[in-house]
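Visitor: Here is what each chain is made of, one letter per residue.
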Amino acid sequence: MSHATSTHPVLDPLFAPPFPQAALPMLRNPQLRKNVGHAIDVIQAKRAKLVVEKTDWQQLRSTGSAIRAHALENLGAYLEEFETRCTAAGGTVHWAADAAEARQIILDLLRKENAGEVIKIKTMTSAEIQLNPFLQAAGVNVFETDLAEIILQLGEEEPSHIVVPALHINRSQVREIFARSMGLKDLSDDPHALTAAARTYLRQKFLTIPTAISGANFLIAETGGVAVVESEGNGRMCLTLPRTMITLAGIEKVVPRFQDLEVMLQVLARSATGERMNPYTSLWTGVTPGDGPQRFHVVLLDNGRSSILTRPKQRQTLKCIRCAACMNACPVYRQTGGHAYGSVYPGPIGAILTPQLMQMHHAQSLPFASSLCGACYEVCPVKINIPEVLLELRAQVVNQERSQFARFVDPMYLGLRIANLLFAKAWSFHAAQFMGRIGLRFFTRKDGWIHSLPSIGAKWTQTRDLRGLPSQTFHGWWAARGPKSSKEAK
Amino acid sequence: MRASLFITCYNDTLFPETGRAVVSLLEKLGVELDFHPKQTCCGQMHANTGFRGEAFSQAKRLVRLYQDAETVVVPSSSCVAMIRDQYPGLMDELGSDALRKDFAALLPRVYELSEFLIDRLGVEDVGAWFPHRVTYHASCHGVRALHLGDRPYRLLAKVRGLELATLPNVDRCCGFGGTFSVKNAEVSSAMLAVKLQDVVSTGAEYCTALDNSCLMHLGGAMHRQYAGMKTIHMAQILASTEASPAEANL
Numbered sequence: 001m002s003h004a005t006s007t008h009p010v011l012d013p014l015f016a017p018p019f020p021q022a023a024l025p026m027l028r029n030p031q032l033r034k035n036v037g038h039a040i041d042v043i044q045a046k047r048a049k050l051v052v053e054k055t056d057w058q059q060l061r062s063t064g065s066a067i068r069a070h071a072l073e074n075l076g077a078y079l080e081e082f083e084t085r086c087t088a089a090g091g092t093v094h095w096a097a098d099a100a101e102a103r104q105i106i107l108d109l110l111r112k113e114n115a116g117e118v119i120k121i122k123t124m125t126s127a128e129i130q131l132n133p134f135l136q137a138a139g140v141n142v143f144e145t146d147l148a149e150i151i152l153q154l155g156e157e158e159p160s161h162i163v164v165p166a167l168h169i170n171r172s173q174v175r176e177i178f179a180r181s182m183g184l185k186d187l188s189d190d191p192h193a194l195t196a197a198a199r200t201y202l203r204q205k206f207l208t209i210p211t212a213i214s215g216a217n218f219l220i221a222e223t224g225g226v227a228v229v230e231s232e233g234n235g236r237m238c239l240t241l242p243r244t245m246i247t248l249a250g251i252e253k254v255v256p257r258f259q260d261l262e263v264m265l266q267v268l269a270r271s272a273t274g275e276r277m278n279p280y281t282s283l284w285t286g287v288t289p290g291d292g293p294q295r296f297h298v299v300l301l302d303n304g305r306s307s308i309l310t311r312p313k314q315r316q317t318l319k320c321i322r323c324a325a326c327m328n329a330c331p332v333y334r335q336t337g338g339h340a341y342g343s344v345y346p347g348p349i350g351a352i353l354t355p356q357l358m359q360m361h362h363a364q365s366l367p368f369a370s371s372l373c374g375a376c377y378e379v380c381p382v383k384i385n386i387p388e389v390l391l392e393l394r395a396q397v398v399n400q401e402r403s404q405f406a407r408f409v410d411p412m413y414l415g416l417r418i419a420n421l422l423f424a425k426a427w428s429f430h431a432a433q434f435m436g437r438i439g440l441r442f443f444t445r446k447d448g449w450i451h452s453l454p455s456i457g458a459k460w461t462q463t464r465d466l467r468g469l470p471s472q473t474f475h476g477w478w479a480a481r482g483p484k485s486s487k488e489a490k
Numbered sequence: 001m002r003a004s005l006f007i008t009c010y011n012d013t014l015f016p017e018t019g020r021a022v023v024s025l026l027e028k029l030g031v032e033l034d035f036h037p038k039q040t041c042c043g044q045m046h047a048n049t050g051f052r053g054e055a056f057s058q059a060k061r062l063v064r065l066y067q068d069a070e071t072v073v074v075p076s077s078s079c080v081a082m083i084r085d086q087y088p089g090l091m092d093e094l095g096s097d098a099l100r101k102d103f104a105a106l107l108p109r110v111y112e113l114s115e116f117l118i119d120r121l122g123v124e125d126v127g128a129w130f131p132h133r134v135t136y137h138a139s140c141h142g143v144r145a146l147h148l149g150d151r152p153y154r155l156l157a158k159v160r161g162l163e164l165a166t167l168p169n170v171d172r173c174c175g176f177g178g179t180f181s182v183k184n185a186e187v188s189s190a191m192l193a194v195k196l197q198d199v200v201s202t203g204a205e206y207c208t209a210l211d212n213s214c215l216m217h218l219g220g221a222m223h224r225q226y227a228g229m230k231t232i233h234m235a236q237i238l239a240s241t242e243a244s245p246a247e248a249n250l
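Just so you know, the protein sequences line up as chains A and B, in that order. Residues in the first sequence are numbered consecutively from 1, following the numbering used here. Residues in the second sequence are numbered consecutively from 1, following the numbering used here.
If you're looking for bench data, these hints aren't it; they were derived computationally from the structure. Where hints are given, some of them may not hold.
Chain A side only, calculated, beta carbon under 10 Å to chain B, not exhaustive [to be verified]:
1) 66
2) 140
3) 142
4) 378
5) 398
6) 430
7) 454
8) 460
9) 461
Think about it this way: if two alpha-carbon atoms lie no more than 30 Å apart in a straight line, the pair counts; the simulated DSS-like pairs of lysine-lysine are [as the list claims (entries may be wrong)]:
10) B:60 / A:425
11) B:183 / B:230
12) A:425 / B:38
13) A:319 / A:46
14) B:183 / A:313
15) A:383 / A:319
16) B:183 / A:319
A few chain A residues facing chain B, derived, Cβ under 10 Å [what the hints assert, rightly or not]:
17) 27
18) 37
19) 54
20) 56
21) 257
22) 259
23) 368
24) 388
25) 394
26) 432
27) 441
28) 447
29) 473
30) 475
31) 478
The structure presented is a predicted model; accordingly, all values stated were derived computationally and were not measured. Just so you know, even glycine gets a beta-carbon here, dropped at the ideal spot from N, CA and C.
All chains, please: the whole structure from these sequences, using the hints.
Guide: Written as structure tokens, this is what we have:
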């Protein structure tokens, strides 16, 4: 595979360790957890303020959800409409069934342009298909232009968030990365100095590299247009200076009408960065003579999406507009950060999207990487019921386990199967309570608490005590007491 | 008024004092309580771990057991959330028409304890006395699934002697999540540590909730860390009187 030539690890669900293990490095780094928690708090506080000021927020969410659901229900028709309009406006639309095909299409387009270098607007979809290492290996130098992406690229780091990908990197680390890679020994960690360094670095790329790659926030079927929102103006530069623009977009990114952006842009900016409107919103349709790139290509990427579309309960996953509100709200992400998810899509949305993109053959630990607290669903601007999808995926993983030999040695699997039998009858449940009380007595200390248990019980007692089982169950007490007022009733 | 108590499997086994408190509280308020001796579990643990078929068999059992009950009271917000949010899907997928019909008829008669007190009985002041500083942990299912809102606070506000301490980040998960607490034990523990910091920062003597599963998690950490605080289900606070003060967890 192409990325094998890369020297740094890639967030690849094919090779990522299971979530509980992958979470350990960050869990062992309290300072990093604190930094990430603080950064998230800042975004969350901004979002909360702006959501409250919108008195019709819940209606906006419902409408946003309806627009996205409608687009997905009629995806084929809207994609074709997009293709027709975009082509009529001078663009070229390419269809890629999977990551490899998308990479090859993009490389071929770059070769046709004789492009040895390319500048990029931040696009998580390109990270999904591992485009950068592929292009680098093929001899094309890729330059990210989003500040966070520059930090990651120069620091050989991986994204840990979809909106603020360098969330896990602090100011002094940025200084170090810039100083090292830009040869600026005396660079201070003052934010102004750091942005000035990035600007100088970028200016030269913008002015000399005539080919650019972008993602898309929305594809507009009605007009064949593309929308990209960003905060730094680097996207605007990439969309005006180069001669050729290649846009990579997941097929789910389409909305039916131009007017739909009214709703989508409102919920996106407020949910993503806690802004009423994002600083730069670029909309373009095909090619305009004398204005902006004169060659424009859109690569529509499936890569597992159409198979998600066929499953009614899971289809809502594709409504996602990549605002990251779910990961900001997630108490799990808060502790683990993004890398634990082993994918460029972390947090609750990643926990449902990644295993589905992998057709449930990989990343099976991700649907379990949630306490099902529901905070993600509460903030989702397009009302994706993430807990519901998590449960659906968990059931699929368990159904895979049912036919595997591992079920005979997994104490959790066996325990739950046995528990189900015990719960089927009151007598067996009561017998289990009785046996449990006797069994746990060996582990119960004089203070009445259990401090240490074997097997999966140790997973509990590694950080928590457990009160020893009381000598009388509630139903035992009730049986001894009898219903109080039933005599009068009878 | 008649009501049937669904105590839930873990309250029955681990927290019988909560059940006793519910009985004394509701009988004091004139409710004629009964208890179905054949009850076991609502199926939440299985449903949340991906064992849908197993969860359905328990759901079916519960519906059959309570289909004739006038009202069902459950002192556990997550079990009520299971019944409200997950049973419909399980019934649609695996249930017969007859079962679906019986479930649809039963569903509006299932109440979480604070809902039962406020919405069904119309009481806020239950005549309780609990002279302690208490903080309230609004469990995820209570906040986001059942939308309990200010019901728990209205009940606590009327408890004589009780001083309510505001819990920072009140709607943030404690990290329990059922089997999540062992499947992702390290992550769960990290979430718990953060939660416990908030809980301890209130300076309260007790942390209360409407769900003993969160309290078992928090209480287990309090005991491990000698936090000098205890957990207590809200039913025990509401059942507490001067004549018969609360039975707290050990």
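Visitor: Take the hints in turn and mark each one as holding or not.
Guide: Tested hints:
no.	hint	result
1	66	21 Å, violated
2	140	39 Å, violated
3	142	34 Å, violated
4	378	6 Å, holds
5	398	4 Å, holds
6	430	9 Å, holds
7	454	13 Å, violated
8	460	6 Å, holds
9	461	8 Å, holds
10	B:60 / A:425	13 Å, holds
11	B:183 / B:230	26 Å, holds
12	A:425 / B:38	7 Å, holds
13	A:319 / A:46	24 Å, holds
14	B:183 / A:313	25 Å, holds
15	A:383 / A:319	8 Å, holds
16	B:183 / A:319	29 Å, holds
17	27	5 Å, holds
18	37	8 Å, holds
19	54	20 Å, violated
20	56	20 Å, violated
21	257	33 Å, violated
22	259	32 Å, violated
23	368	5 Å, holds
24	388	8 Å, holds
25	394	3 Å, holds
26	432	9 Å, holds
27	441	14 Å, violated
28	447	8 Å, holds
29	473	5 Å, holds
30	475	6 Å, holds
31	478	5 Å, holds
When each numbered hint is compared with the structure, violations occur for hints 1, 2, 3, 7, 19, 20, 21, 22 and 27.
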